[in-house]
Amino acid sequence: MKDNGFILPFVVLCLVIGMIIFYLIPKDSITPNDKTQKTARLIPRYLNTESWSVTDDKTFCVLNIADCTSPSSKIKFSTADSWSSIYRFYRNNMKDYDWQTKSTVITSVPTTIIFTNGSNCQAVLKESTGLFDKQQENLKDYLFSITCR
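For the sequence shown, UniProt numbering gives the first residue as 1, with consecutive numbering after it.
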């Protein structure tokens, strides 16, 4: 007679593994450092935004090993304005907040712009093209990723 007693141990094993993962992920997830979080909140808001949200990424880091990289803070905003307007606004105004960029327009507007500051921070701005982003008609989403070391 065939023994079908492997189902209960398999279910128990899956539950144990699930509980371990459920416990470890929040415990070993790290958020952006304070410097990154504060810097993200100092990025100037684009004038013609429909929405503006600041979120902090989390990175799963087993046992908080020193080599784990600090995640970034994200600023997502929506506007009807074109990428060239966004690019021009931040290219011209971020220097007032002590940010620099080497980005230049040669034949067309670059698809991303990278800013750095003297506090060892980097802010990358680009159009958000997430697969599951809900875009309202005539609105485009843009994303800043800010990381400080």
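Careful: at least some of the hints might be erroneous.
[Said to hold, decoys possible] Label pairs and their calculated CB-CB ranges:
no.: 1; residue 1: P110; residue 2: L8; range: 32 to 38 Å
no.: 2; residue 1: N120; residue 2: V12; range: 47 to 53 Å
no.: 3; residue 1: K95; residue 2: I17; range: 20 to 26 Å
no.: 4; residue 1: R41; residue 2: R88; range: 20 to 26 Å
no.: 5; residue 1: A80; residue 2: G118; range: 33 to 39 Å
no.: 6; residue 1: K95; residue 2: L13; range: 54 to 60 Å
By construction, these hints were calculated from the structure, which means they are not laboratory data. Just so you know, these numbers come straight off a predicted model, no measurement behind them. Ideal placement from N, C-alpha and C gives every residue a C-beta, glycine not left out.
Results for each hint:
Evaluation of the 32 to 38 Å hint for P110 and L8 yields a failure: the beta carbon distance comes to about 58 Å. The hint said 47 to 53 Å for the Cβ distance between N120 and V12, and at roughly 49 Å that hint holds. At about 52 Å, the beta-carbon gap between K95 and I17 misses the expected band of 20 to 26 Å. Against the hinted window of 20 to 26 Å, the Cβ-Cβ separation of R41 and R88 comes to about 23 Å, which satisfies the hint.
Here the CB-CB span from A80 to G118 is close to 34 Å, well matched to the stated 33 to 39 Å. The hint said 54 to 60 Å for the Cβ distance between K95 and L13, and at roughly 58 Å that hint holds.
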